[in-house]
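Respectively, the protein sequence lines represent chains A and B.
Numbered per our numbering, the first sequence spans residues 14 to 483.
Numbered per our numbering, the second sequence spans residues 20 to 108.
Rather than coming from a laboratory, the hints here were simulated on the basis of the structure.
Some hints here could point you the wrong way.
[To be verified] Covered stretches of chain B, as calculated for chain A (at least 3 residues, CB under 8 Å):
#1 40-47
#2 50-63
#3 72-78
#4 86-97
[To be verified] Residues from chain B shown here face chain A by an in silico Cβ test under 8 Å; the list is partial:
#5 Leu-33
#6 Ala-68
#7 Val-69
For clarity, every value in this text was computed on a predicted model and none was experimentally measured.
Yeah, the Cβ is synthetic: ideal placement off N, Cα and C, and Gly gets one too.
These are the residues of each chain, in order.
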Amino acid sequence: MSYPDSLLDAMAALRSGSISANELALQTLERARLAQARTNCFLAIESETLLRAAERADLVLADARRRGVVPLGALQGVPLAHKDMFGRGGSLVRYGSKAVLDHASQQVATATARLEQAGALEVGALNMAEFALGATGHNAAYGDCRNAWNPEHISGGSSSGSGAAVACGAAYASLGSDTGGSVRIPASANGLVGLKPTYGLIPRTGSMKLAPSIDVIGPMARTTADLAEILQVVAGGDGIDANASLRPVPNYRSAVHQGVENLRIGVPTNYFFDVATDEIRAAMDQSLKALLAAGARRVDLSVPAVSEMSELSRAIVYSEATALHAPWLRSRGERYTPQVRVRASTGLAIPAAVYLEALQLRIPLLRQFVDQVFSRCDVLLTPTLPIPVPRRDETDVGAGASLWQILSRLVHCTAPFNYLGLPAITVPAGLDTRGLPMGAQYIARPYAEATLLRVAAVQQRAMPMPRLTL
Amino acid sequence: MSQPKQSTSESSALSADLVEGLAALVQVPILDAAMAERIAGGAAAAIEAVHASSRQVEPGVTFECEPSDYLRVLEALAEESASQERPRA
């Protein structure tokens with residue numbers, strides 16, 4: 014049988030028996046090897062583990078078919094791969110760094126454990142920015158992860174391998190983490206749907222910390238329906254992560270079929286489009302048109318207090334990151350790559366009072382934003398990246414004066430929502446003139462992920478991406 | 020997360036020397052002056068943003084906000100939305 018295009022297709026094919034988990038795993042491994050050669054998206058391809066797990070999945074699937082029931086585990090036999098930051102109960106987790114190769118986390122990550130319990134398989138461990146401290150996909154320790162559509166360009170980061178691997182078809186979906194845009198940037202740059210959920214929706218238990226006051230885990234996939242399937246499995250408090258919400262988990266699977274009729278789409282008149290290129294603006298216009306054609310309504314509005322939010326977020330991230338890294342910076346700082354060592358040390362120079370002020374300001378600024386924006390619209394539309402996906406050499410160390418400007422623009426539209434903790438989704442918005450993906454970002458009220466999935470599904474149906482062939 | 024933005028403020032009092040002094044105080048090694056300068060630039064930009072933002076909220080509002088209430092506030096804002104939507108349904 015030919016390789017199923019989507020995660021939902023794979024689930025259906027596995028259940029019907031038209032493809033076995035073993036066949037699917039073998040085909041996925043071939044894709045993983047091609048993806049690795051093109052993008053360096055894997056830190057390890059774990060063929061033997063995958064094939065052994067596929068054998069077990071085939072037994073479960075065959076038993077379910079024999080008994081005429083749905084197999085145990087919604088994702089039984091489906092190959093996934095994740096950012097190498099999720100604890101596996103004593104196995105090596107690299108965090109994208111060579112500084113911690115002797116540190117095997119004893120923790121088990123709730124999010125990946127839930128996927129495993131649902132029957133999903135793992136192809137291997139994915140590349141990422143060292144300690145998730147980088148938005149481009151550069152990694153001096155393991156080699157840069159490259160863009161799936163054009164390896165001369167950045168994959169985006171920090172969940173760089175997640176973006177490249179899923180785009181190449183080496184996994185049906187992937188979990189990453191997003192502290193400043195680290196799911197949405199690589200998802201957008203590689204033509205995927207990527208979700209930064211509301212703070213607290215997915216438990217972070219057992220995952221690498223960067224800045225616990227802001228960190229969220231988020232999925233990316235090639236289709237909105239695939240992403241909803243993953244979200245359905247991983248969302249909801251686990252009773253361990255004290256900052257995971259215990260609210261009931263909505264039905265995300267059904268949200269993708271609900272359409273956008275009468276939904277109010279907010280178009281910001283300040284900040285978010287200030288640095289957007291004409292081509293990106295045109296892609297956002299197309300995205301909006303797709304939603305209006307499906308019955309949504311446009312609302313133009315000014316959004317409050319966003320211009321400083323990326324830096325407010327950094328005040329928290331760098332303070333917390335330095336506190337987490339300080340013991341390792343003292344004992345093994347030389348094992349960090351130089352650029353990451355700077356980023357992990359920046360909190361040294363941020364006074365504790367400033368860090369706490371950034372945290373204290375967050376609640377009034379969040380209330381203000383939600384009151385002023387979401388009283389007038391249901392979702393806000395911005396570009397994910399306001400600029401075209403940069404080349405790798407434009408964003409490498411020593412790239413020159415334009416480097417800081419490019420780096421700051423990469424997170425211009427994403428980081429404010431990390432500070433606020435609001436949910437945001439990126440959806441493919443076509444290819445630019447160089448053949449690289451563009452993405453539209455939609456933001457909603459806290460815990461309104463289902464609304465974002467409705468919007469993303471409509472846009473994706475109206476603006477399908479061309480198939481990427483390796 | 021991206022690299023720290025460099026401060027554009029000429030009046031920034033955060034110098035590389037100060038960074039090196041703070042680092043020595045907590046015994047985190049700093050490689051050289053260039054590293055200290057980059058840390059100073061990134062930290063100064065974040066500090067300036069916090070100051071700028073604090074001017075956008077009512078004085079005293081931070082006395083009414085407890086950072087550890089953040090998750091509860093997110094949940095409450097979600098519930099507000101749900102209660103507003105019920106009459107329409």
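- [ ] Could you work out which earlier hints the structure fails to respect and list their numbers in ascending sequence?
- [x] none
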